[in-house]
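Chain D is fixed; fit chain L onto it per the hints.
Residue numbers (our numbering), protein chains in the order written: chain D, 1 to 512; chain L, 1001 to 1512.
Mixed in with the good hints there might be a few duds.
Chain D regions said to be covered by chain L (calculated; three or more residues, Cβ under 8 angstroms) [stated by the list, open to error]:
#1 136-142
#2 183-194
#3 278-285
#4 338-348
#5 352-364
#6 422-430
#7 498-510
Read the hints as simulated data drawn from the structure, not as lab findings.
This structure is a prediction, so every number in the text was calculated from the model and none was measured.
Glycine included, each C-beta is placed from N, C-alpha and C at the ideal position.
So you can see what is in the structure, the chains are spelled out below.
2 protein chains.
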Amino acid sequence: MSAASVALPPESSWPAAPRAQLVQPSAPPAKVLTSASMSQALRTMQYAVRGSVVQRAEEIERQLASGEGAALPFDKIVFCNIGNPQAVGQKPITFFRQVLALCDLPAESGVDHPSASLLFPPDAIARAREMRAAMGPGGTGAYSTTQGVSRFREDVASFISRRDGHACEGRNVFLANGASAAIRMVLTATVSSADDAVLVPIPQYPIYSGLLSLLGAHQAGYMLDEAQNWAVTVECLQAAYDDARAAGKCPRACVIINPGNPTGNVLSRDVLETVIAFCVAHRLVLMADEVYQENVHEPGLSFVSARKVAIEMGERARALELFSFHSTSKGLLGECGKRGGYMELHNIDPYVQSQIFKLASSGLCAAVPGQALTSLMVRPPVEGEPSHELYARETADIRQALAERARLLVDGLRAIPGFSCNDASGAMYAFPAVELPPKAVEHARAQGLAPDEVYAVSLLESTGICVVPASGFGQAAGRYGFRTTFLPSTDELRRAVRHIAQHHEAFCQRYA
Amino acid sequence: MSAASVALPPESSWPAAPRAQLVQPSAPPAKVLTSASMSQALRTMQYAVRGSVVQRAEEIERQLASGEGAALPFDKIVFCNIGNPQAVGQKPITFFRQVLALCDLPAESGVDHPSASLLFPPDAIARAREMRAAMGPGGTGAYSTTQGVSRFREDVASFISRRDGHACEGRNVFLANGASAAIRMVLTATVSSADDAVLVPIPQYPIYSGLLSLLGAHQAGYMLDEAQNWAVTVECLQAAYDDARAAGKCPRACVIINPGNPTGNVLSRDVLETVIAFCVAHRLVLMADEVYQENVHEPGLSFVSARKVAIEMGERARALELFSFHSTSKGLLGECGKRGGYMELHNIDPYVQSQIFKLASSGLCAAVPGQALTSLMVRPPVEGEPSHELYARETADIRQALAERARLLVDGLRAIPGFSCNDASGAMYAFPAVELPPKAVEHARAQGLAPDEVYAVSLLESTGICVVPASGFGQAAGRYGFRTTFLPSTDELRRAVRHIAQHHEAFCQRYA
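Here chain D stands alone, though its shape is the one from the complex (with noise of 0.2 angstroms):
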């Protein structure tokens, strides 16, 4: 049966009751280690981006492949839970990729090669022989320095500066495997005690409620305005500020996301200065999520980075102390599998900045061919080499398909009766609410479920479309939705909006 024809199955072939976990606690504790003597920090972390959702999805792909699954109405899985681009069909940028290559590949087989030049063009050839310099003997084979490669640090501070307007030098930059190992070092270095306290958006990406739970330490959820467009107002961190101070808490950090995951919206200036001022005023150290910088959708709208505005405001914003991060695994790269990506510190204490490279060190160095990938990432081919033309056609076609169908969700969601959603400006989301059923809402409760989850197994096991519950990202009280990127192609996309549609219909009447 082709995606095409996928039609929703009768109401009496839904399950009755979604699973909360695939495996249960293990009952007497006949082993060692057990749900009782295990971390119970790491138990009640959630990661809902790869949660139980997600897991029921491979379960039904595996039955896909071996034919068990041919009952089903549908024949694959549209994977919409996490934003991996290529996964779904995005192509690798070819100049990157080549000179990738040429950095693995011995000389004598690579850029020494009497036929090199008719696989690689000749800027990548020399690129890959200046990167290949800059590693060092050792190349991608060997263990680099703590924070990563110099000249790669390099390359990412000159970014940086011309990003800004601000210099910024490599010594303060870490190279690390994803955006991910980075926040997980910094929140390591800064929360000290369960009395710890951080201000995180609601919703967030859930990287940050779970690593302050396995850090045993308080998340202070600032709620966005879903009805402002997900805005940071000064009033809703002052609210989470208070909250923990009451609650005895120290807050000690304040994150943000920008754009916006899983909201897809862009902070204007105005808005960055509101938040600078306020973490100065309380003394908060910044944390600046900035993994979708080049992931600006909408026209009038562009990113400014909190340095900068941090920068620009003077003596207003001297004591801020901050950490930015940036991924290839976003922007028009999309390279998650490579796992590369960097930190940059501003104004971080010299010794708090040496005990985060001791942990960075336990860790040895980031993945060398992902530090390679963050340099080409931040010195792309440039108008007059050889390989530009083509950098810049593969990348205006990304950031055009993103651009189209960031609206063709947004809209077709839109259009949803008991549908509403904010504009995906930004990053690579729609996060739509969704009125469900009281009758739905009570018969999950009474599972101990969130409805939201309910609603996203049956939408995955009526459609083979597979999103993320908002109840994983935090929402206001009384909210239901779920978080879906917009990476597949139109096509499927269009087929995909049609299917939630459907199934809203559907799951709206059964639960009448």
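For chain L alone, kept in the frame of chain D given last:
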């Protein structure tokens, strides 16, 4: 000045007091995040393999590069602090790199390019096609599933099954960013509170001590018997266990490193049986760090996995819960920069396994090039394939070089008066004991420094040889020494031994 003509500097030019740390704690807390407010667990963590001696070496290297180091009695740093083979001249395995390059190149620029066969042998092209199919449409550019690409995990499972003669399943294999990341995940899941203890060999590779500090757990060190070639004895295990109990701690797990790092010993089947029986009797999870399993240099010795021994012990070890670790960074590939590796879970509670899965999910996946390399490591070219001859020659050369250098280094160190050194039967290190003059010990203690740290800095600053003080790995009270790799070229190692001998004589005279 060439490295060959290195001479020791006059005694007066030696540093009076090597620094314990390069950066001192920040004085008044002008900043928000300071030595006082940051994670105190991170502050107590130590990681000597990239500690103060190495940071001093990197500082000197920068001086040499900038010309400031012209007065130094050497013209390069010989990094013997870390098992980083390709950084000191070991060549990568050609076939592996060719396949990795073809996995990264877009199909039309690589496997499907009309000139591909001019650069790549047919079996590399065929293998790359197979691996690309296994990775799916996103290839190396997409996040894989949390545990790693299913087919690559099956490759690992087949390798383990062949190695042990007992079937292993891919669902119990987690691919990771090097063994370090896997070890971090297991300790994070295992340790629940400050009352939990983990038995760790002394000396040990400091990722264990470092992570236990960071997790706030108790390290129960069991002494290896240096007089018996670093033997593990049940008496020492029992003593460590009893001490932990007496201190009110609950031992949860036991670590073995086989072959030993930094000790170079290879555990016999008998010893493994003893350790396993001890773990079963005392309800300890076993963590077997087997990253050097391919690095056994001593004729007549061979590696046996803890898993194989446990299975073959039958009923006596039926209850054993075992995590074992392997890596692409060591062995005959030495691909440290790729951060590839895996862990295998044997008889682990399914709920605990699901929680480790969740923890791995929050980091999304291991870098996919490292995953691909792990598959290649366990599935090299076989006889009859076009690349087999080159592969066999390359690996035989590396194997022979490592065996020769291990012998050369150990014999050379043993010949130095005041040095004693067990065989480096396995792994990549010698771990000599060095008799220090009592005055040097007093002098160091007076400054709050480990005597062998003073010694290592002195060696570095007078010869350019960078080793790690033995105190960074733990050792018996009153013992001093260092860990050095035997990875540099034979010529360089001969020179290093001579310089170590000259330095030792001068050091002893200085403190006579």
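Stated coverage of the segment 278-285 of chain D by chain L [criterion: 3+ residues, CB within 8 angstroms]: Satisfied; 3 residues make the cut.
Cβ contact check, 8 angstroms cutoff: the segment 498-510 of chain D against chain L, three residues minimum: It is violated, with 0 qualifying residues against the three required.
Stated coverage of the segment 183-194 of chain D by chain L [criterion: 3+ residues, CB within 8 angstroms]: holds (count 6)
Per-stretch coverage check for the segment 136-142 of chain D, three Cβ contacts closer than 8 angstroms to chain L: holds (count 7)
Coverage of the segment 352-364 of chain D by chain L (three or more Cβ within 8 angstroms): As far as the segment 352-364 of chain D goes, the hint holds, because 10 residues have Cβ atoms under 8 angstroms from chain L.
8 angstroms C-beta test of the segment 338-348 of chain D against chain L, three or more residues: holds (count 4)
Claimed coverage, the segment 422-430 of chain D by chain L - three or more beta carbons nearer than 8 angstroms: With 0 residues closer than 8 angstroms to chain L, the segment 422-430 of chain D misses the three-residue bar; violated.
Violated hints for the displayed structure, listed by number in ascending order: 6 and 7.
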